[in-house]
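J.: What follows is each chain in one-letter form.
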Amino acid sequence: LGGSCANLLLSHSQITRLYSRFTSLDKGENGTLSREDFQRIPELAINPLGDRIINAFFPEGEDQVNFRGFMRTLAHFRPIEDNEKSKNPTASEPLNSRTNKLLFAFRLYDLDRDDKISRDELLQVLRMMVGVNISDEQLGSIADRTIQEADTNGDNSISFNEFIKASFVLTLHTLL
Amino acid sequence: MSDLDILCLGISITVWFTLLFVFIIMPAVLGVSFGIRSFYMRTLLKIFEWATLRMELGAKEKNQELYKPYTNGIIAKEPPSSLQQEIQELRGSANSLRSEPEFEMADIFYFCRRGVESIVDDEVTKRFSAQELKSWNLLTRSNYNFRHISLRLTVLWGLGILIRYGVLLPLRVTLAVTGICLLLVLTTLVAFLPNAESYLSEKVHLMCYRICVRALTAIITYHNRENKPKNGGICVANHTTPIDVIILANDGCYSLVGQVHGGLMGMVQRAMVKSSSHIWFERSEVKDRHLVAKRLGDHVADKTKQPILVFPEGTCINNTSVMMFKKGSFEIGCTVYPVAIKYDPRFGDAFWNSSKFGMVSYLLRMMSSWAIVCSVWYLPPMNREEGEDAVQFANRVKAAIAAQGGLVDLIWDGGLKRAKVKDVFKEEQQKLYSKVLVGDSEDQMEDKRSEDGTPEGDESSKDPAEGQ
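Going down the list, the sequences are from chains A and B.
Heads up, the first sequence is in my numbering, so the first residue is 152 and it goes up one at a time.
Heads up, the second sequence is in my numbering, so the first residue is 25 and it goes up one at a time.
Since the hints were made in silico from the structure, they are not lab data.
It is possible that some hints are incorrect.
[What the hints assert, rightly or not] Taking lysine-lysine and the DSS-like style, the derived pairs with C-alpha atoms no more than 27 Å apart in a straight line are:
| no. | chain 1 | residue 1 | chain 2 | residue 2 |
| --- | --- | --- | --- | --- |
| 1 | A | K316 | A | K267 |
| 2 | B | K327 | B | K227 |
| 3 | A | K178 | B | K380 |
| 4 | B | K450 | A | K178 |
| 5 | A | K178 | B | K150 |
| 6 | B | K318 | B | K252 |
| 7 | B | K441 | B | K150 |
| 8 | B | K227 | B | K298 |
| 9 | B | K252 | B | K350 |
| 10 | B | K455 | B | K350 |
| 11 | B | K444 | A | K178 |
| 12 | B | K327 | B | K252 |
| 13 | B | K441 | B | K459 |
| 14 | A | K316 | B | K459 |
| 15 | B | K446 | B | K150 |
| 16 | A | K178 | B | K70 |
| 17 | B | K366 | B | K70 |
| 18 | B | K366 | B | K351 |
| 19 | A | K178 | B | K455 |
| 20 | B | K351 | B | K252 |
| 21 | B | K298 | B | K311 |
Next comes chain A alone, as it looks inside the complex (with noise of 0.2 Å):
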């Protein structure tokens, strides 16, 4: 584990502190999660996007996460230390750079991995989000209306730029 943890950046103890996690999640006691294990958490349960965030510790068309993959996913949210970006200034964009974390937001909308937020994908999470509150209709304008203020090139979809962009005013402050 040696080598990744230097690029991931989590110190000794908060790696022991999750793997600790990880065996106490990890009902079957085989050194993997499943998304049961995950569904087991009655708050991440409760979440309208519990499912996609579990989506996305899940490497492509797999069904089991062992511990590295469950720490890298995590590292992308701790919290940015000012003291490292002036240690090693020249180093690769460490995982936990806000850019990062707004990739991992972003790929909670882009299901199909095109690098693109369709109307249609937009639509997907605006509903996980209000469940039976509010309408087709209303909902589809609020879509409407939030990709033609996003969209600078007119394709109609929200790429990753724009997506960015869009969140701006969160981009100044420390995400999550």
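Got chain A; can you put chain B on it based on the hints?
T.: Just chain B now, kept in the frame of chain A:
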């Protein structure tokens, strides 16, 4: 075996039993204490402190970090605020007053963050496994740091094993067996005497529970005994282990409620019923809530009967929190006497993880720990107030118990140990978010509806993810 051997064996057994009798059983019968157990506890504490110190020194020498379960989390978690507040913060305050539906793509971050936070650490799943300790108590079962740090420490640990399994365990098992046998025999005897029944049966029960307490080396401190439950009431406590019953019954007589079991438990149950009234339900009757309520109500109405002991959580929780109380016992309308029980995990973890250990292996673990140290607080009696329904009353009692015992007050249901969370909670989250999207007009409609008295439900008290 030669004659000499047999003689030695005979003598040692006699000595053993005499000591047992004099120092443990007689005091239990008479209700007197020699203070042996508190002395034992203080000695143990000193040894644990010494052991932890050595471990820290040893770790420093080797330049390693000791695993402490409470290190800084991966995510900087802020105190919980409502969904509306957080999304406003996320968006920046400028847009808060627009009345048309608005959506920001970045709203997704709120759910993202909550989701990932709950993956790293959530409030519920950790309540169903034993609590992690800050210092080591010489039991490998509760330690992550056990390494060959120093010879002295390993020797001490080995010695600990010898003492616990070689001396303490047999002693305790003997006591437990004696206690149960006495219970069975004496309750049957008392049942034959018609008049002196209640007085004698109380004495018999108390005596047997005292023996059981000594069988576990339980060191119990009772606080506020003036608030002890009285006849015609229900005693309500947080549930960590079946031993809770022994701990409470050691200090007073209660009527127990529960399912009829087979085997040894069943025998004990039948014996207990002969001399005092307990409420045992057949498995089929448990589902029938009206029947349960009726029997409890009848029992409570009879002022000569002892207070009922109930554990409204319905399942064992690991003593770091109090989970949702089932409202059944709070609907009966009698006085409720709350009791908070807090175990000190340094001497042995009392939590029964029923998915990991069966009853017998659990008892063996208990009897081979150092001791079971706990505090019991009797809280002032509570009654249901005007305009309060059973659920609110239950929550009020739960909050009082959590505050007294220093436990986290959770709204989550202990049943989540085995069952999935209901979809209705997810729907509440969705509803809350919809309100943010659609804005003011919905709020006006909401106010109107609650004025009309339609049972929309009190979102802030039902929503389990917030307001903790």
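J.: Compare the structure with each hint and give your call.
T.: Okay, the hints, checked on the actual structure:
1. A:K316 - A:K267: 14 Å, holds
2. B:K327 - B:K227: 19 Å, holds
3. A:K178 - B:K380: 11 Å, holds
4. B:K450 - A:K178: Since the Cα atoms of B:K450 and A:K178 sit roughly 24 Å apart, the hinted pair holds (cutoff 27 Å).
5. A:K178 - B:K150: 13 Å, holds
6. B:K318 - B:K252: Distance ~25 Å between B:K318 and B:K252 Cα, so the pair holds.
7. B:K441 - B:K150: Distance ~10 Å between B:K441 and B:K150 Cα, so the pair holds.
8. B:K227 - B:K298: Holds, because 14 Å separates the two Cα atoms, which is no more than 27 Å.
9. B:K252 - B:K350: 22 Å, holds
10. B:K455 - B:K350: Judged against 27 Å, a Cα distance of about 26 Å means the pair holds.
11. B:K444 - A:K178: Measuring from Cα to Cα gives roughly 15 Å; hence the hint holds.
12. B:K327 - B:K252: 16 Å, holds
13. B:K441 - B:K459: 32 Å, violated
14. A:K316 - B:K459: With a Cα-Cα distance of about 26 Å, the restraint between A:K316 and B:K459 holds, given a limit of 27 Å.
15. B:K446 - B:K150: 19 Å, holds
16. A:K178 - B:K70: 37 Å, violated
17. B:K366 - B:K70: 21 Å, holds
18. B:K366 - B:K351: Status holds; Cα separation ~23 Å.
19. A:K178 - B:K455: Since the Cα atoms of A:K178 and B:K455 sit roughly 32 Å apart, the hinted pair is violated (cutoff 27 Å).
20. B:K351 - B:K252: 22 Å, holds
21. B:K298 - B:K311: 25 Å, holds
Taken one by one, the earlier hints fail for this structure at numbers 13, 16 and 19, listed in ascending order.
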